[in-house]
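Chemist: Heads up: the protein sequence lines correspond to chains G, E and W, in order. So the number in our numbering is just where the residue sits in the first sequence, counting from 1, plus 200. So the number in our numbering is just where the residue sits in the second sequence, counting from 1, plus 523. So the number in our numbering is just where the residue sits in the third sequence, counting from 1, plus 4.
Hints are computed from structural coordinates only; laboratory data are not their basis. All of these numbers come straight from a predicted model, not from anything done at the bench. Among the hints, a few may not be true.
[Unchecked claim] SDA-like cross-link-like pairs, simulated, lysine to any residue; straight-line CA separation at most 25 Å:
| no. | chain 1 | residue 1 | chain 2 | residue 2 |
| --- | --- | --- | --- | --- |
| 1 | G | K540 | E | D748 |
| 2 | W | K174 | G | N491 |
| 3 | G | K504 | G | L409 |
| 4 | G | K608 | W | Q132 |
| 5 | W | K174 | G | E492 |
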Amino acid sequence: MIKKFFRILSVVPLAGWLLGGFTAVLIEYYLGDLISYYLYLPKVPVLFGTLIMLKEPLLIPSALAYNLIVYILPILLVGRLLAPVMNGLAALLEKRPLWLATIIHLVAFYGILHMWAGINDYRVLVVKLTMIAIILTISLNIINGYQGEFSCSHPGFMALGAYASSTLTLLLFANDKMFGEALLNPALGPWLFPVVLFIGGLVAALGSLIVAIPSFRTRGDYLAIISLAFLFIVKSAIENLEIIGGPRGMSSQPNYATLPVVFIWMSLCIWIIHNFTTSVMGKALNAVRDNEPAANSMTVNTRKTKMTAFMFGAFWAGVAGGLFAHVLRYVNPSTFGLQKLAEILAMVYFGGLNSIYGSIVGAVSISVLGEALRPLQLFKWIIIPLILILVMIFRPHGLISFTELNVKEVMRPRNKERSEGGE
Amino acid sequence: MDYFFQNLINALQWGSFYAVISIGYSMVYGVLMLFNFAHGDIFMVGTYIGFGIATMLLTLFSAFMPGWVIFILVVVITMFLASFVGVFVEVVGYRPLRGAPRASAAITGLMIGIIFETGNLIILGAQRFSFPPLIKSVSYNVGGVYFTNVKVLIIVVSLILMLALHTFIQKSKWGMAMRAMSYDFMAVPLMGVSINVIAPLTFAIGAGLASVAGILYGQAYPVLDPYMGIQLGWKAFVAAILGGRGSIMGAALAGYLLGFIEMFVPMVFPSTFRDLIAYSIILVILTFRPRGFFGMAHSTQLRL
Amino acid sequence: MAPLLSVIDMTHYFGGLCAVNNFNLAIEPGQIKGLIGPNGAGKTTVFNLITGVYTPTEGTIELMGKNIKGLETHRIASMGLGRTFQNLALWRHMNVLDHIRMAHYSQLSYGLFGAFFGTPKCREQEDQVIDNSYKLLQLFDVKQFATQNIGNLPYGAQRRVEMARAMATKPKVLFLDEPTAGMTPDELIRMIEIIRQVHRDFGVAIFLIEHRMKFVMELCESIQTLVFGEVIAEGPPEEIQNNPEVIEAYLGKEDVH
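Starting from the given sequences, assemble the full structure and let the hints guide the process.
Modeler: This is the structure:
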C-alpha cells in the first residue's frame, strides 16, 4: 500500500515538487488567516504547528488539519497532477547547460522560501539560522568527515569570523558607541558586506593554522585536544579584549544579513564545496584519511592536503560566524563555547559524515527540531541527545554518509519511460 | 614567600581534583582506547549522590557518630553507588558501539553527559544545593601560611586513592588484565578475559574515584551545580591526554601541573587570563611533545 | 646509458640497529630486477628507504640523474618512482575509478581556485583524468568494477586495481612489494602476465620483492638476496637458485608452486 503510494509519487520531478511548494505558500499567503480562523487556531501556525501542538494539546487536530490543507495536500496534488507538464520542463532543462537548470531551480526554491518566511519574523530568523547551520555543518564535515580528523575547534573559527566581520562593519559602516563614527560611507555597507565576510573567513582560516600545523605530526586523539585547547584559547582571548567588548560582546551590527544574502552564501558554499569534494584534489582528503602512506606514494602532497582541509573548513565556519553575528546583530564569547560545539558535532554526526547531503539533512533536522521543541525547554536536551545516541548505535557514520550530491540526477525528469530506460 | 606557600597549598588542593578525575579518564582511555566525554558529568552525578548520602547519614547518625566515621561511610557508600553509574554508561552508551568508529563513541559519550546535566536540572530543579560539611573545619597557621584541615584532607585522600589505584593496577589480576589491554586490545580476550568484564570494571573504578573527588570538592566548595562537571571535567580530560596515553601517573602529574598553572598564573597576570595562559601552555607542550609526558608512541588513528 | 635508478652504498640505522648495510642497485630502462630474502631481512625497509618513507643514514640515491635522497615520498613518486604495497594499501571508502583518478594528483595544474569554482581548465583536466583512468581500468581488466566500492571486489581484482593505480602515476621505475601475496595459482599466472604486459606496453623498469621463487625466476633478469640487511648474493636467476648460501638462508623454505 505504502509502496504503491511512493511509486505514484516517484514520477514527480524536483520542479514538480517546487511548483507544489509554491502553491502551498500561495495558499498560506492568501488564505492562511482564513483557514486558521475556521480551524480555531489563534493565528497562522509559525512552525508547522509544532509549537502550538506542544503548548496546547487540544489544538493538535487543528494544527494537523492546517498542515494537511495548506501544505501536504497542495504539494502532493499539484506535484502529481502537473507531473507531466513539469517532466516536460525538466526534460527541456536537461538539454540546457547544467548551470542554467540549477539557477532556475535555486531561484524558484528561494522564491518559495522567501514567501513562506515573509509571513512572520520568527520564520525568517529560523530559516536564516538553519541556512547558517548548513554552512557550519558542511564546513565541519570537511575536517571531521572528509579529512577524518576529530576537531573541536569549530566554534573558535566561527568566533574569529564573527568578531572579525563585526569589527569591520561597525568600524567602517556604522556610527556606534564602540568605534565611533563610520570610517566609510554607510551606503557602501551592503555592497562591501561580501568582502567583509570573506575577510572574516580568512581570519578564521589563518587561525586554523594553529590546529593544522600540529596535525602534520599528530593524528586523532592528540589533535582533538589541541583543537579543544584552541577553542578555549579563542574564547578566553576574546573575553579579555575589552576593545571588542570583552565578556559583554558587541552589538548593533548593521542589518546586512538579509534572507537573500544568507541564501546566496549558503548556495555558494554548497556549490564550491561540492566542486571541491568531487574533484581529484578533494578526493585527496579521503586518500590521506584512509591510508596516508598510499596517498603519499600516489603523489598526493599530504601536508598540503591536511592544511587545505583545515583552512577551507575554517574559512566557511568564519563566514558562517560573520553571517550569524549580523543576523542576531549581537555577539558575545559565551556563544562560542562547549554548547555550540556539542550542537555542531551533533548536526554533523547525525546527518552523516563525508556527505554534503548528510550535512544538509543533519543541519536542517537538528535546527528545526531544536526550534520545534523549544516549548519543551529542558526536554529538548534530552530528546536530541537521545536521538543522536540511537543514530550512533545503528548508523555510526550518521544517517546519510559517503553519499555524493548529484545535481543533475536530482533535477532530471521522472517519466516512466526514462526511469525504465536502463541506467 | 608566605604567599608562595599559600598558593602552593591551594594549588595542591585544586590539582588534586584534576588529578583524581583525570585518572578516571586516563584509565578508560588507556585500557579501552576511548574518550569518555561523559566522565565530567559522571563526576557531577557522583557528587550529587554523595550529597544525598551525606545529608541522609547526617540526619540519621550525626547525633551519635563522630564526623570522621560518617565521612568514611559517605565515601564508601557513594563510591559503591557511583560505580553503578559508571557501569551503566559503559553498557548503555559504549558497549553497543564497540565495533564502531571511535568518533561515534565519543559523540555518544558527549550526548550521555548532556542527558545527565539536563536530567539533573529536570529532576532536581534549578535550586542550588549545598554540600553539608562532614568535617568540622579547623584552621592552622604554620609560619604565616593559613590552611584548613579540609585542604589537607583533600590532598591526603587524593594521594591515598592514587596509590591504591596504582597498587591495584600493578598487583592485582584485574589490574594486570587492564594493563595488558592497554598494550594490545585484542590479546586480552584471546587469553580468556572477557572485555565485558574489564570494560565495566574500568568504568566503575573511574566513576568511583570521580565520586570521591566530588565529595572532597563538596567539602571545599559546597555549592553544587548541574554544570559543575563541565569545567572540571574538560580540564581533567586535557590533563589525561597531556599525561600520555596509558600512563595514569602521567595523568595525575598533569592534573597537578594544571592546578599549579591555574593557581600561580593569577599571581602574575590578571585572573581572567587564567584559562588563556593555561591552554596556551598546553597547546605548546602538545605541539612539541605530541605523545604527552609519558605516553606510548602509539599510532592512534581515529579510523572512520 | 645512465641508469634510471641508481642506489650506491645505502646504509640505514634504526637507533643502534643496522637495518640495511651497503645496499647497491642500478636499474636501466626496461630491466626487471628482483630482491628476495627471508622474512625480516629488510626488503621492505629497502623499498621504504628508496621511496622516501625514511631517509637513509648513508648512501646516494638518484632517479634519472637527480638526487632523491631526503625528498618527500610524494615528490619522489611524482618524479617517476611508483610502487605497490604488500598489504594492498587501498582506500576503503572509495570506488575503483576514484582510486585511479587519485593517482593523477601531481599531474593536475588547475590549483585550488580551479577546484573550488570548476573552471574550464579544471573540468578539462578532470575529464582527461577520467578518460585516462578508464583506459587503465580497461587495460587491467577491471573496468566493469569502476563505480563499485573497492571493498566489494575479489582479492585478485583488488590487486589489479592497485597495479592500475600505480601505473596512473606514470612511473619510469615501478617498485612491486610482494605483488602475489595471498594469490591462488591461477591468479599468480595472471599476475605474471599482467606484469609482463605492463613491462611491454609501458616500457617501465621494474624492481620487485617476492617470496615465490617461480614468480621471481620467471620475470627477473637479475636478483639480489638480502639477509639481515646485507646482500649475500646477486646474479641471474639460475645462479641464485643454485647458490648454497641462498638456499641455506631460506632453510629449505622453497615455495614450489
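Chemist: Determine for every hint whether it applies to the structure shown.
Modeler: Comparing the hints with the structure gives:
no., hint, verdict
1, G:K540 - E:D748, "20 Å, holds"
2, W:K174 - G:N491, "21 Å, holds"
3, G:K504 - G:L409, "12 Å, holds"
4, G:K608 - W:Q132, "21 Å, holds"
5, W:K174 - G:E492, "20 Å, holds"
When held up to the earlier numbered hints, the structure conflicts with none and fits them all.
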